[in-house]
Structures are given as structure tokens and as C-alpha cells.
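Peer 1: Required output: the full structure, derived from the provided sequences and hints.
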Amino acid sequence: MKINRVLRETFTSLSANKLRTGLTVLGIVIGVAAVIAMMSVGQGAQNSITSQINSIGTNVLSVSAGSRARFAPGGANNVRNIRELTLADAQAMIDPFQAPSVLAIAPILEGGNISAAANGQTTTTTVNGVTTSYFSIRNQQVTEGAFFNDQQVSAHARVAVIGVDLATTLFGQTTNLTGQTLRINGQTFTIIGVLKSQGGSSFGSADNQVIIPLTTARDRVVKRPGTSVDGIYVQATSAAAVPEASTQISNIMRLRHHVAVGKEDFSVLSQQSLLTTATSITGILTTVLGGIAAISLLVGGIGIMNIMLVSVVERTREIGLRKALGARNQDIMTQFLAESSFLSLLGGLIGILLGWLISLLIGQIASAAGTALSPAVSLNAILLATGFSIAVGLFFGIYPARRAARLEPVEALRYE
Amino acid sequence: MEDTVIRADGLTKFYRMGEVEVQALRGLSLQIKRGEAVAIMGPSGSGKTTLMNILGCLDRPTGGEYILDGEKVSGLTDNQLAGIRNRKIGFIFQSFNLLQRTSALANVELPMSYSDQSNSARERAVAALRAVGLESRMKHRPTELSGGEQQRVAIARALVNEPAILMADEPTGNLDSKVGQEIMNLLLTLNRERNTTLLIITHDPRISAQTQRTIQIRDGMIEENLQ
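Chains as they are written, first to last, in our numbering: chain C, 110 to 525; chain L, 104 to 330.
One should not assume that every hint holds.
[To be verified] Under the rule of at most 27 Å between Cα atoms (straight-line distance), these lysine-lysine pairs were calculated in the DSS-like manner: (1) C:127 <-> L:242; (2) C:111 <-> C:127; (3) L:242 <-> C:111; (4) L:281 <-> L:242; (5) L:136 <-> L:175.
Calculated from the structure, these hints are not laboratory results.
Peer 2: Spelled out as C-alpha cells, the structure:
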């Protein structure tokens with residue numbers, strides 16, 4: 110039987126019962142739309158987490174003392190006698206001979222939940238005391254004003270660069286703020302710049318922070334003994350050099366802290382290691398969501414099988430007639446398989462469209478709720494859903510089609 | 104060309120219905136020449152439908168030999184039998200068996216979906232409908248046609264692949280006698296003009312009286328062979 114005849118027959122027999130065809134297709138539409146929507150949400154979550162991690166900087170490592178393993182809580186807590194990281198540790202890392210892969214370092218003092226007041230408003234924020242290299246290592250930018258310079262750091266200057274969320278909270282605006290006064294822990298600071306928004310909220314708000322010179326922070330806001338620091342950001346010479354830089358830093362630190370391999374009282378984390386973990390987590394999330402949605406696709410497939418079985422019974426005489434007119438078993442089989450695959454393919458196409466609309470809607474709702482989640486319908490998801498829906502049509506169509514093909518012509522013609 | 108279209112020798116057909124074995128045909132032999140018009144008569148349960156099914160290659164005999172139009176049919180595969188039905192046999196049923204959802208024309212085109220010559224399907228279907236006098240109604244669906252017209256569509260469908268033999272199972276059984284007679288006239292005309300062998304199963308002596316020969320069947324065997 111020629112393909113165009115098969116298609117025409119499929120079309121006439123399916124359009125003979127439009128309501129039934131529509132309802133059967135609906136089952137597949139819902140299944141495919143659910144798969145597409147769920148996978149796009151998973152993909153969107155992955156994209157948003159990945160971009161947040163990427164905002165740390167592609168070639169940046171973070172060194173922290175064991176007790177304050179910032180990215181891996183409890184990572185090195187079982188090590189006793191933890192020595193604080195110090196400015197000297199930071200300086201040692203920039204050694205061009207022992208650490209040729211290190212380009213720059215930025216020691217940091219962090220203070221959370223610190224009160225900030227200005228313009229009659231008070232709120233709490235995170236205070237980061239940094240050196241000037243921090244801005245380039247963390248790829249920070251200002252929308253207004255400027256960062257402080259090395260002289261200001263040396264002079265323990267009371268200057269601050271603030272995030273946009275904090276600016277909005279305190280001043281109700283994000284512009285024309287340079288020169289304004291800000292009180293941090295009761296100390297007066299002058300605002301010299303406003304940070305460009307970094308979005309994202311999963312790792313605490315990068316937009317609700319104040320950056321001040323490291324020296325000033327130690328004096329007035331984040332009190333720490335001696336020259337100890339809370340963490341050291343290290344910039345490798347390139348993204349490819351990150352693993353080498355990590356090794357070199359670890360070696361230097363082991364020597365300085367007199368610890369053996371495996372007994373480190375510090376931890377070195379790269380963006381890459383975070384990314385790997387996050388990707389695997391969101392991958393599992395996507396798979397689970399897609400898997401749950403795939404169940405409804407399966408139910409839709411059973412709907413197809415059900416309808417095709419009914420159709421075979423209803424059309425028993427027709428099958429007998431076709432056989433009498435010379436249809437071979439495979440002709441009958443082809444006809445019924447064509448019908449079931451057409452149902453599922455149609456459902457698949459509409460489902461992709463619907464799933465895409467649903468994911469757009471979810472994105473709208475998420476952004477209205479202030480979450481940075483933009484669902485992404487990937488080509489993979491589309492191919493998977495299409496392939497899966499055709500497979501469902503074929504799989505659930507084969508049994509009814511075989512039943513039709515195996516009918517004895519004499520019996521079928523006699524069927525009332 | 105072989106002069107004998109149907110040559111059946113010692114056909115037997117046994118069914119098993121539960122515990123009971125039914126002998127539908129018990130060593131039946133017959134020959135039908137090309138161009139003959141033959142009626143097969145017999146009471147219910149005599150085996151005439153079974154015979155028709157076997158002669159129409161819809162069913163296989165349990166034993167015996169059957170040669171149709173020079174081809175030995177016993178022992179062919181399902182697919183080969185389907186091919187023979189398609190090329191050599193045109194079926195006409197008591198209840199027409201038309202597909203309700205398509206036009207008369209599409210119904211007549213149907214057998215050509217299953218043959219290699221689907222290129223000229225449209226023209227051949229139109230020609231067949233013209234031959235049965237329905238060219239003006241070929242876009243109509245079966246539900247829009249009278250019983251007689253529906254049976255004409257079915258006859259056109261049987262004719263369209265130019266079979267060696269037309270097999271009609273009670274072709275006038277669902278029609279009133281006037282329309283039935285028109286259908287009979289059409290079948291006999293086609294038989295005469297196209298030299299297509301005609302085989303009619305009927306209860307009706309008025310039908311069988313119009314054929315050249317009547318074969319009476321009783322208990323799975325030929326009772327008499329009226330010339």
C-alpha cells in the first residue's frame with residue numbers, strides 16, 4: 110500500500126470520529142506538555158544556578174580555614190587546632206616561583222547581620238572588608254561612583270561601596286548616592302560607589318552588601334585578632350590553570366600550617382567543583398521531574414491502546430472486507446499502526462507547543478515572585494518528547510494492530 | 104487461456120465446534136468454465152457458504168485440491184491468497200459492505216490500494232462506476248444512496264480489478280424484488296459482455312432460474328447439477 114494512500118485512509122478514519130480522536134490526542138498532549146514543562150523548569154533551574162556560580166568568576170578559587178569552610182560547611186571540621194588564615198598566608202600565595210599559576214589574591218573579612226543606617230532608615234546587611242584586588246577578581250562593577258583605591262585602604266578610610274538592594278532599602282533609589290553618609294555599626298562611612306546588580310538570591314543577596322576597605326573593617330566593623338582573615342580569593346592565571354593553582358596553594362598552605370596531606374586545616378574550593386556538584390543535583394532534579402511527567406505520557410499511551418482496541422472491534426467487518434479485497438496482514442497492520450502513531454505524533458506536536466507555553470507561564474510567575482528562574486525548553490527535551498510520543502504510539506498501537514491483522518477474513522466478515 | 108476457471112477436486116472442510124466435529128464439505132468436486140453463470144443453492148447448513156469461502160480463497164479446505172484460473176491455490180501462504188483475491192476475485196455481499204465514511208468513488212478505489220496498479224486508480228474507479236450506471240452519484244456516501252445503488256457501488260468495486268470471477272453471496276437478499284431483478288440483470292449483463300465468470304449463492308429459485316447452471320448442495324456434497 111502506498112504511503113499517500115495510507116495517510117489518506119488514516120485521515121479519513123480518524124476524522125470520522127473527531128471527538129474520540131480529540132480526546133485520545135489530549136491524553137498525549139497532556140503527557141508531552143508535562144514532560145516539556147517539567148524538563149524546562151529543571152533546565153531553567155540549572156541555568157540559573159550555573160550562572161550564579163559562574164558569577165563568582167571562571168578562574169577564581171576560594172581558600173578558607175577549616176572551621177569556616179564557606180562553600181562546604183563542615184568540610185574540615187574534624188581537624189583539630191585549626192589555624193586562622195592570615196594576611197601572611199595570602200601574601201605567600203602570590204609567590205611567582207611556588208605558585209606560578211596564581212595571578213592575584215584578595216583576602217576578605219566578612220561580617221554578617223550588621224546594622225546599616227542612613228536617611229532615617231535602618232536595616233541589616235553583610236559587610237565585606239576587602240583589598241582593591243577583590244574588585245577585579247570578583248569581577249565587580251559600579252553603576253555610579255568608583256571603588257576605593259590602595260591609598261584609601263592604607264589610610265583606613267571610611268568609604269563604602271554599596272549593593273543596589275541595600276541602596277533601595279535605605280534611600281529608595283539607586284542613583285545619586287555618592288557622597289551620602291551611611292552608618293555601619295554606628296560608624297560613619299561615605300558612600301563612594303554603587304555596585305552593579307548581580308541578581309540571584311540563592312547564595313545570600315549579593316546586592317545587599319557593603320564593601321569597605323579591609324583595614325577599616327578590622328578596626329571598626331568586623332573585629333578580628335591580629336592579621337587573621339576570613340577567607341582568601343585567589344585568581345588563577347586562566348580557567349585552565351585552576352587545578353594547578355589549587356595544588357600550588359595547597360602545597361604552600363600545608364608547609365605554612367605544618368600539616369600533612371589529608372590533615373589540612375584549610376580548604377580550597379574552585380567554582381568548577383561547585384559547578385559539578387550543582388549540575389549533578391539539578392540533573393537529578395530534572396530527571397525526577399521529567400520522570401514523573403512521563404507517567405502521564407504513559408497513561409496517554411494506554412488511552413491510545415484502549416481506543417485502538419475499541420476501533421479494531423468496531424471495524425471487524427471492515428477488516429474482513431479489506432482482506433477479502435486483497436489486503437495482506439501487513440497492510441492491515443500498517444493501517445492501524447499509522448492511526449495510532451498519527452494520534453501520538455499529533456499529540457506530541459500540540460504537547461510541545463503547550464508545554465512551551467506552560468514553561469513561559471512558569472517563568473512569568475517566577476519572575477513576578479522575584480525568583481530568577483527562566484525555564485528553558487531545550488532541543489533535547491523536544492526531541493525526547495517527540496521520539497517518546499511516537500514510540501508510545503507505536504508501542505501501544507502494535508498490540509491492537511496485530512489483533513486486527515490476525516483476524517480471519519471469514520470470521521471478520523461474519524461479525525455483526 | 105485455460106478454459107476452466109474453477110476446478111475443485113474432492114474438497115473437504117472440517118470444523119471443530121467444541122466437542123463436535125462439523126463436516127461442512129465432504130469430498131465436493133466441481134468445475135466451472137470461463138464465462139459461465141452458475142447459481143449455488145442449498146438449505147442453511149448445507150455448506151454452500153463454506154464452499155463459497157473456499158472458492159473465494161477466504162478460507163482453506165481441509166483436504167482436496169483447488170485450481171483457480173490455472174493457479175493451484177491449496178498450499179499458498181496468506182499473503183499469496185490475498186494477492187489472488189485481489190486480482191482474480193470480485194466479491195459482492197448481501198449487505199454490500201461499503202465503508203460508510205467515504206464516497207462511492209473511494210469505496211471503488213479500495214481494492215486498488217492493495218494492488219500494484221494504484222496509479223490509474225481514479226480513472227479505473229470512474230470507469231467501473233460508469234459500467235454500473237452510477238457515474239452521476241460517485242461523490243455520494245453510501246448513506247446517501249438507495250440499497251440498489253449501494254449494491255451497484257459494491258459491484259463496481261468487485262469489477263474494478265477486472266477479476267476472472269465474480270462471487271455474489273445472496274446479492275439481492277437485502278433488496279426488494281424489483282431492485283433485486285435490476286441487480287440480477289446488471290450481473291448477467293456484465294457476465295455476458297465481459298465474459299466474467301459469475302457465481303451466485305442464493306436461496307431464491309427465481310434467481311437461480313436465470314443462470315445457465317444451478318448446483319444444488321446438501322450436507323456438504325453436490326446433490327444435483329442442473330444444466
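Peer 1: Against each hint, give a clear statement of whether it holds in the structure.
Peer 2: Checked hints:
no. : hint            : result
1   : C:127 <-> L:242 : holds, 22 Å
2   : C:111 <-> C:127 : holds, 25 Å
3   : L:242 <-> C:111 : holds, 23 Å
4   : L:281 <-> L:242 : holds, 25 Å
5   : L:136 <-> L:175 : holds, 16 Å
Hint compliance for this structure: no hint is broken.
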